[in-house]
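Peer 1: My request is simple: use the sequences and hints to build the entire structure.
Under my numbering, the sequence shown has 5 at position 5, and the numbering climbs by one with no breaks.
Everything labelled a hint here was simulated from the structure, so no lab data went into it. As the structure is a prediction and not an experimental result, all values here were calculated from the model. Just so you know, not all the hints are guaranteed correct.
[To be verified] Pair ranges (Cβ atoms, derived):
(1) P254 to R172: 20 to 30 Å
(2) R54 to E243: 36 to 46 Å
(3) T232 to S38: 35 to 45 Å
The beta carbon of each residue, even a glycine, is placed where N, CA and C say it ideally should be.
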Amino acid sequence: MEVLITGGNGLLGRHAVSALDERGDNVRVLVLEDEDASALEERGVAIHRGDIRRPEQMAEAMSGVDAVLHLAGMMGVWRPLAEYESVNVTGTENVCRAALVEGARVVHISSWTVYGMDLGAPAREDVPLAPFPEPYALTKAAGDLAVQRMIREDGLLATIIRPGTFFGAGDRLHFGRIADRLRAGKGVIVGRGDNALPFVYVTDVVQGLLLALDNERAIGQAYNITNDRPLTQEQLLRAVAREVGAGPPRRHVPYRPLQACDAPSVSPS
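Peer 2: Set out below in structure tokens:
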């Protein structure tokens with residue numbers, strides 16, 4: 001199978017590249033013009049330079065593929081909403097339109113944040129999306145809905161995956177950042193700290209991606225992927241602090257002030 005991966009240079013993407021390569025698929029990865037892809041090039045992965053925000057570049061990268069794992073997205077610190085929209089919504093639409101032209105399968109990575117924090121129970125895939133009121137979650141939900149619309153209206157052969165926050169070997173964002181902040185004594189607890197966090201190991205997400213890619217019954221469906229024993233935010237922070245020899249965080253900060261200053265804690269993304 002000829003598979004294009006957007007976002008293939010990130011944590012999830014690198015593990016997906018390895019899994020596809022091990023089973024004998026031909027993999028190509030779309031990376032930005034100024035992005036360091038040397039680690040992928042050393043492994044012999046075909047690199048295409050381009051940007052999902054540029055439809056003509058997406059069409060070129062997608063030419064001749066059987067499927068695309070759309071993992072690219074803008075996250076991290078808070079930026080203007082329009083920047084997130086250009087990647088997480090418009091970019092996603094560009095990926096899907098290029099896939100329609102090729103007749104290619106799409107496996108689209110959404111996020112658990114599209115459900116918000118007010119369910120009070122594990123989310124089912126059919127509940128209405130009610131994302132966090134911040135740019136990442138809002139635009140991931142909008143991208144999710146755009147894929148749903150193109151499945152219904154255009155016959156897009158797509159599956160939506162909504163994973164928990166993934167971690168694992170090579171993680172430079174989630175657990176590494178949390179550990180660094182705790183070592184520096186800068187960790188904080190958002191709200192009461194008793195909210196459940198849906199973390200999931202990165203290779204479990206990759207397994208879900210491959211199952212969605214290979215199973216015809218997955219077309220048109222959405223799937224949550226997370227672990228079955230979520231920790232509360234406070235439990236997680238205490239566990240990480242213990243492992244790195246730091247004191248546990250004791251200061252509680254409301255979510256809104258945290259958003260305004262991008263203070264260190266557990267990101268909803």
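Peer 1: If a hint holds in the structure, say so; if it does not, say that too.
Peer 2: Taking the hints in turn, this is what the structure says about them:
| no. | hint | result |
| --- | --- | --- |
| 1 | P254 to R172: 20 to 30 Å | holds (28 Å) |
| 2 | R54 to E243: 36 to 46 Å | holds (42 Å) |
| 3 | T232 to S38: 35 to 45 Å | holds (40 Å) |
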